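Number of protein chains: 2
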Amino acid sequence: MSETVPRPTLEAVAARAGVSRATVSRVVNGGDGVREPLVERVRRAVEELGYVPNQAARSLVTRRHDAIAVVVAEPETRVFADPFFALQLRGISKELTAHDNQLVLLLTEGRDDHARVGRYLAGGHVDGALVFSLHLDDPLPGLIQRAGIPTVFGGRPGWRDGTGDDVVYVDSDNRGGARDAVRHLVGLGRSRVAHITGALDQTSAVDRLEGFRDVMGDVDARLVVEGDFTPAGGERAMRALLDRCPDIDAVFAANDLTASGALRVLREHGRRVPDDVAVIGFDDMLPIAEQTDPPLTTIRQDIEEMGRLMARLLLKGPGDATSGVVLPTTLVRRASA
Amino acid sequence: MSETVPRPTLEAVAARAGVSRATVSRVVNGGDGVREPLVERVRRAVEELGYVPNQAARSLVTRRHDAIAVVVAEPETRVFADPFFALQLRGISKELTAHDNQLVLLLTEGRDDHARVGRYLAGGHVDGALVFSLHLDDPLPGLIQRAGIPTVFGGRPGWRDGTGDDVVYVDSDNRGGARDAVRHLVGLGRSRVAHITGALDQTSAVDRLEGFRDVMGDVDARLVVEGDFTPAGGERAMRALLDRCPDIDAVFAANDLTASGALRVLREHGRRVPDDVAVIGFDDMLPIAEQTDPPLTTIRQDIEEMGRLMARLLLKGPGDATSGVVLPTTLVRRASA
DNA sequence: GGCGGGAGTGAGAGCGCTCTCGGGAGGGCG
DNA sequence: CGCCCTCCCGAGAGCGCTCTCACTCCCGCC
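Protein chains in written order, with my numbering: chain A, 975 to 1311; chain B, 975 to 1311.
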């Protein structure tokens, strides 16, 4: 490998075009205030030499990096390997590249790795951060706030101390979506509606539970069982549910994975879906929701758009004093309810 | 936001510790050749001031960036939202952070976006690139090679011209795994074994087909149907298969998603799995393989390890003239075969 | 025709770091 | 006891860029 092909510098371009470094710099950065013939000459020199600006030198003086960090604080592989996150990432990427920004991905590897991420962010390597803070007790948000760089959170962060009121975040309308789901079940004439929650240390799970309660009121406590967003959790919860309340006729599962577990247990027990028990999920996670038997009725959120929006908010700067943006959800009707 | 908290510089640390900039630099970068009392004093000063090196300034002189790019050339959202890729990413991330490298994620958005990526890589922003080149006709590998930065490919790239012999890549033993899968079916006493291929513009699909042929020889051409790695493709292919050869008693699907589609069609047609038709997949993509009915027997590849290995090879440098590394696969026996 | 002003360009000072080089201190050996 | 060599440390020169500032034109106006 001929590693050391010395890349041309501004100086070289200037020499070739017969102008000063400053002028080349001006042309490269938009060309305002440079007369046409010169612009043309510089452009040609850039072309001929294959000049590409040295980002490090540029950052050194501008203190901008045209890069933002995406921080995923997730010890569990499962959630990371989730199509959900991938889609958000795609949305983020689209928005960033549209604004010539790079995406630096920071995954925390275990508990004590937070310090590393905090240090990195504080180190001024990036212009901002998009953070997915999935758990209530996550120390990361605090660290990041201390780092003092602009940040947008994915999902409503669940602060415990009162400091987080001015936090910018993008979330789905978990509560409203849950309401729609449960209302749909009720609209089908179901009266014994159960709920398998998500992991309740995540705000999305809490909000969905709230939505369930909004519609069902102070329902029989046995109809609410805690799950953890996994199929296995859904199975466990569904078994408990059938055991405690054999007469249920509908289940609102906190997400599609949970629903898929529940469906399997229902089938096992000979309950027909949706005839005996209607089932509705949340997320509209495609490979899952379409593959279940029967195909899953669920609540869709526009995940890619969430990612996009997060990036947009971050790049816009503090902006219109928006603290939280909540995206709407829609009911997707398939066969299970 | 108090944006402008001027971060301490080397200079500041030097002043506080009562030494020169050079000494601080030495301590920060390992501390060789500095006597203990001084090291201690500098360390304390760094601590007290919360000093973090300015990476831009450092890169400017060292020409290293401690960052590598991960390039995903995938127009289709589906493959990107694939747990497969997420796991590789995780492996890569682990290895990189272990060596204090950052991960810059580059997703191409459509066809003409390749130029942007090529420019970025050529621009010397990163020390190397990990590239997932999923299609045979992808122009990206060429662009990258021209960029002249160290590169490791994920999956054997399917060069058409003869230039790619010295390419470094990491791949699973697709062919060997396929052989194991088919042998397993044969070992169960199945004789009419069909194969639903993956998208044949990807080397992994081609290799798996080769593996199938290795065992089955010049089998009845109707037993091989082209799929595309999706459940829908699996369904289509399975229908065709049942139509053309109603007497098949085993199916080797190119991946788990395909297998899940096939299973659904088999159930639809009243064929019992594995009694009437044994089914085996590939990948051991967990949320899928465990959720099918019946749970899927499949070939596992250690995806995270692939990612790790890619990163390791890249960081090691050109190394031991390794051109391609192929990781073993294992049979995971569940209920479907 | 002289003068004020705006627009276009160049010179030069850094941004914060690394790294080479030279000087000074100290130890071993003749 | 002196010399040389080694080991530490500091001084200073950039890395490639941006940005301010001053200078030069040239136009328009009185």
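One should not assume that every hint holds.
Since copy identity is lost for identical chains, a pair holds within one copy or between any two.
Stated by the list, open to error - DMTMM-like cross-link-like pairs, simulated, lysine to aspartate or glutamate; straight-line CA separation at most 20 angstroms: (1) K1068 with E1022; (2) K1290 with D1101; (3) K1068 with D1087; (4) K1290 with E1279.
Hints in this document: simulated from the structure, not taken from any laboratory. None of these values were measured; they are calculated from a predicted model.
Now for the hints, and whether the structure bears them out:
1. K1068 with E1022: Neither: 30 angstroms inside a chain and 40 angstroms across chains, both beyond 20 angstroms.
2. K1290 with D1101: Answer is within: at 12 angstroms inside a copy they meet the 20 angstroms cutoff, but 30 angstroms across does not.
3. K1068 with D1087: between (28 angstroms within a copy, 11 angstroms between copies)
4. K1290 with E1279: within (16 angstroms within a copy, 39 angstroms between copies)
Hint 1 alone, counting from the list given before, is not met by this structure.
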